[in-house]
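Undergrad: Sequence:
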Amino acid sequence: TVKGDEKAVRTVATNAAGSEIHSFDYVLFDEKIASKDFSGGKIFLGGTLRRIEFNEDLSKPWVMRMVFDKGFAAIVK
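Numbering (the working numbering), first residue to last: 89 to 165.
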């Protein structure tokens, strides 16, 4: 969860080496989520895209932030 918000999850998409950040993704849920229900496996996250913020400062190692409302999570089987 995002610090201080039990209705949000933050993920980070990187290159294989982990040295470049493609995006920070914030998924906002309507209700509090129990992260323990989704530990130990692959999770599919989704929602309605609210906004995208592009980084114009190329000295920083990230490209964009994406924020999703009406989030949902499902275990990948």
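Any given hint might turn out to be false.
Straight-line C-alpha distance at most 30 Å; calculated DSS-like pairs for lysine-lysine [to be verified]:
id, residue 1, residue 2
1, K91, K130
2, K120, K158
3, K95, K165
4, K91, K124
5, K91, K158
6, K158, K124
7, K95, K124
8, K120, K91
9, K148, K91
10, K130, K95
11, K165, K120
Have a look at the derived ranges for each label pair, beta carbon to beta carbon [said to hold, decoys possible]:
id, residue 1, residue 2, range
12, E119, D145, 16 to 24 Å
13, F132, E94, 31 to 39 Å
14, E94, E144, 30 to 38 Å
15, S123, K165, 39 to 47 Å
16, K165, S107, 29 to 37 Å
17, K124, G92, 28 to 36 Å
18, K95, S147, 14 to 22 Å
19, D118, I140, 17 to 25 Å
20, E144, N103, 19 to 27 Å
Just so you know, the hints here were simulated from the structure itself, not pulled from any lab data. Note that this is a predicted model, so its numbers are computed, not measured. Just so you know, even glycine gets a beta-carbon here, dropped at the ideal spot from N, CA and C.
Undergrad: Does the alpha-carbon distance linking K95 and K124 stay inside the 30 Å limit?
TA: holds (14 Å)
Undergrad: Hey, K165 versus K120, does the alpha-carbon distance stay inside 30 Å?
TA: holds (23 Å)
Undergrad: Take a look at whether the Cβ-Cβ distance between K95 and S147 falls inside 14 to 22 Å.
TA: violated (33 Å)
Undergrad: Please work out if K158 and K124 have their alpha carbons no farther apart than 30 Å.
TA: Given pair K158, K124 holds - Cα atoms ~20 Å apart, limit 30 Å.
Undergrad: Could you tell me whether the CB distance from F132 to E94 stays inside 31 to 39 Å?
TA: Violated, since F132 and E94 (Cβ atoms, about 20 Å apart) do not stay within the stated range.
Undergrad: Falls inside 39 to 47 Å, the C-beta gap from S123 to K165?
TA: violated (19 Å)
Undergrad: Would you say the C-beta atoms of E144 and N103 sit inside 19 to 27 Å of each other?
TA: Given a distance of about 20 Å, which is inside 19 to 27 Å, the answer is holds.
Undergrad: Cβ-Cβ distance between E119 and D145: within 16 to 24 Å?
TA: violated (35 Å)
Undergrad: Given the hinted pair K95 and K165, is their alpha-carbon gap at most 30 Å?
TA: holds (24 Å)
Undergrad: Please work out if K91 and K158 have their alpha carbons no farther apart than 30 Å.
TA: holds (19 Å)
Undergrad: Given the hint that K91 pairs with K130, does the C-alpha gap stay at or below 30 Å?
TA: holds (22 Å)
Undergrad: Hint check: K120 vs K91, CA-CA at most 30 Å. Holds or violated?
TA: holds (13 Å)
Hints 12, 13, 15, 17, 18, counting from the list given before, are not met by this structure.
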